[in-house]
Amino acid sequence: MIAALRLLPVLLAIPFLFQQGHAQTRDRFDHWQHRDLFPKCTSCHAGVQDQAQTIWPQPAACADCHDGVITETVRWRPPSDPPATNLRFTHRAHAEAVGRTTRADSLLDCRSCHAEPGADRMQVRLAVAQNCLDCHGIRAPHLEAPDSSCATCHVPLAQAVRLTRADVSEFPVPQSHNAREFELEGHGRLAKGTSPVSAACATCHARDFCSECHVNAPEVAAIQALAPDPRSLAIESKLKAPRSHADPAFLRRHGSDVRQPATACATCHTQESCLACHAGKPTVALALPASGPGRGKGAVIHRERPASHGGDFADLHGPAADARPATCSGCHVRSQCLDCHRPNAADAAPGYHPAGFLSRHPAAAYTRETSCADCHNNGQFCADCHVSAGLSARGRLNAGYHDAKGSFILGHGQAARQNLESCVACHSERDCLSCHSARAGQRFNPHGPGFDPATLRRKNSQACTACHGALIPSSPGQ
Amino acid sequence: MTSNRAAVVTCLALAGSASVAGAQGYQLRIDTRAQTAAYRGVRQDSVLANEVVTAPTGGLQTADGFFVRCPPGSTFCFFFRPGAYRQGGPLVSSVDLTMWGMGVRGLSLRVNGRAGVDLGESEVWPGTEPAVQLLEAYAEYAIRRVTTRGGRQLLANRLGVVGFDGGRAILRAGAGLEAEAYVGLGMARATALPVSSAVLNPLDDFQPRERQWVAGGAVGWSGRRGDVRIDYQREVERESRQFASERAAISGEVRPLERWSLAAGVEYDLANTWFGNADAALRYVSPRITVAVGARQYRPHFDLWTIWGAFSPVPYHAVNASVWLRPLERLELRGRWERYAFSPTETETPLVDVDNDGWRFGAGASFSPTDSWTIDVGYREEYGPGASSHGFEGSVSVVPSPRITLTAYGSTLDRPLEFRFEETGVDVFGVDAEWRPTARVRLALGGAHYAEDRRRPDASGFDWNQTRLNARVTLLFGSGADHAPLPRALRTRPRAGS
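Chains A and B are the protein sequences, given in the same order.
1 is the number of the first residue of the first sequence in the numbering used here; add one for each residue after it.
1 is the number of the first residue of the second sequence in the numbering used here; add one for each residue after it.
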């Protein structure tokens, strides 16, 4: 009995050791304080050597001393469930394996695993991972051990059925994962290092985890070799864009890049990635998987302004759009253009123009800061409103509306040739023909610089007849 | 009332057809906007010449204080009284529908229409007749090398925006080469109505009786370092078989170095044998700074069925520059400048001095002290033949939650008109609120007060204040993977000083 009690501290440590297989060093039972009571570990933990016995001491054994008289009672019960662990370990199997390898019953005692090197017999703790590594010839600290060594002690996550999602979320990060290239190319090389997938990856990860980023997971053998396990999502996946994506020119260049075999793109992008920006489905997008059941969301694309657009592109986009309209339509749908470039733009809310533009439109329109006629029909929009406002010249010319210039009529020719579109917003052709006609009125010649009568006559002689009737001269001087 | 009912029925019909259609995917956006606005123009009047009196300023005026103009030898003097107070209440509903996946890969349908009525007493808002207007309604079949469209469609290129009912085909030959051809019955410029529509002729002017044919084509090449495109377009009157217009244009952009681009283009009027609009701009773009310098020519284009081209409108030539800076992450500065001068008109007279050049200038800044707040201020000034103006603008926007945007804005404007003695000062103060309760619904309300002071020393110098209200509802319906609404291509409200 006493021997069993002496083993109690060691065995109490076992469930905590196995619980997660990492970083468990705290021992709830103070073995050191009981060092004189238990000469052998198996006194309490007989099951370590004898499978017929339990690995835990009976609580009644504790009560021999902790009876409330000699010392206070303790309320301890051995755990009823197997330990929650991902360790590939039982004492018996381990002892057998050691025996097969060393051809001896065992060279190990409890301290070999449960105490720091050189520690006293009862200065025990949960199993010291470094001791495991040392025995197995792995010359590195636990979390810096080569990834290929994980499976030496650990089972795949999917087999560690007693671990909870919370347990998984607290898995420590191996040092290898902090390498600069690990998140991008590095982890892929490791995963494919052994066929079909590295057992090291399976220690902590399952298919669900990989599928979070790898939208082509159903087509990747290494990922499919992993078992599905939603607990693996407890480890947060951080999708990191490749360095090439940080290039300012990437946004413009990715179209031609992606025309190469799109295998690399298909790792993180579904067709929906393209559709986040591109209107319609580009042909190249068909090479990417479509999102759906069994696939993660992959890279989430947020539409952003291309570097080529700059901060004031809205004001300057016209010439570029004229030169390559197909490029614009890659991202912009027609309704976006029509929000501003809509014919008959007599809308009912602020839009292209700033608030109060109606008040200042004469200055912008007189010399056509931009081409008003692209969106506003002169007759339907400008003249219609000006007629309602009494600004049209119906009935009488030279009534003095342009009263800021004395004798404006004498200088109106210059104003008209400079701002003819403004004139016709209030004046009709008949207003001008009352003087500028070859058949009536003052017969003032309206033709000015650049007038090409021969070509104009050839293109549309009817315009000539408005002033000249049937007698169209062959040159403007006639 | 009939037109109102037609507008409402049309909108409901379009929405209903979209929701019940068997298409695999569709996207439908319905914008409904309403506004109240008022204006007060002028009314021409006359008075017997012997009834005018001398004004305190030394001129002549009517007995009730309106300055008059008395032509030599005329028994009447003329003047303009303030016009009637006119109230407009436009209600415009736009429908934009795209449907695809109807059993034939590459086939899609698109409809863009508008129904509008003026609910104001005066029915003065332009563009609300006819009540229902169809901007686009076409079927498109697109495969890797070819895109074809049939129906009513808008065509936008360097020659402008033209609508037509017809067919269009685009061939992509590979290596960036593209060719395009189209033909159809055209619409009038900048409208969804045929040129023969009565509402396009409020001045009772010359007007064709039939729609014109529109035909044209384009070839283009697009590469990594540049693009070029050549457009040709002709419009031919059906009745007379004569040209309404014949133009060609070339546009191009080269990107010789990273961040640098040179875009240029010019249009040529084959009927008038002159160059129309042309421009060239050199740009440097980086995340912190964008600089552009350019030159351009502007010359108006008139259809040949008008006589205006025979009056030889002259172009102006301009040089301009703009800069956009982001010295701090939350601060943007911008400035624009342009100077222009008209070509000689050969009509100059020493009797009347009319400017032949002018300039424009604008500067502004946007500052976002936090992610939620944006302060925007700007100043702009322009002076040119005919009119000029200058004034400050500013706005403060706050986003108290991701779904709500509140904006308060104001502006000042001084508007001296060169050809009309009517110096005007306008101060505007307004607020806008936008609420996006879901990704598919957007509601907006706004109001602005206009305080306008017409600074005349006679009876026409009345103050004219008004308050304008506007409301907007945008609904998005859709299916398919790309149902998420895309952001607008342009800011709704242009930035101050721009």
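These aren't lab readings, by the way, just hints derived from the structure by calculation.
From the three backbone atoms N, C-alpha and C, an ideal C-beta is built for every residue, glycine too.
Don't take every hint at face value.
To be verified - Covered stretches of chain B (chain A as the covering partner; in silico rule of three or more C-beta atoms under 8 Å from a C-beta of chain A): (1) 145-159; (2) 283-297; (3) 301-307.
Stated by the list, open to error - Restraint ranges, calculated between C-beta atoms of paired labels, are given here: (4) B:Glu258 to A:Thr164: 25 to 35 Å; (5) B:Ala181 to A:Glu219: 22 to 32 Å; (6) A:Gln442 to B:Trp464: 56 to 66 Å; (7) A:Glu219 to B:Val396: 50 to 60 Å; (8) A:Val300 to B:Thr273: 31 to 41 Å.
Hint check results:
no.	hint	result
1	145-159	holds (count 4)
2	283-297	holds (count 6)
3	301-307	holds (count 6)
4	B:Glu258 to A:Thr164: 25 to 35 Å	violated (52 Å)
5	B:Ala181 to A:Glu219: 22 to 32 Å	violated (42 Å)
6	A:Gln442 to B:Trp464: 56 to 66 Å	violated (38 Å)
7	A:Glu219 to B:Val396: 50 to 60 Å	holds (52 Å)
8	A:Val300 to B:Thr273: 31 to 41 Å	violated (56 Å)
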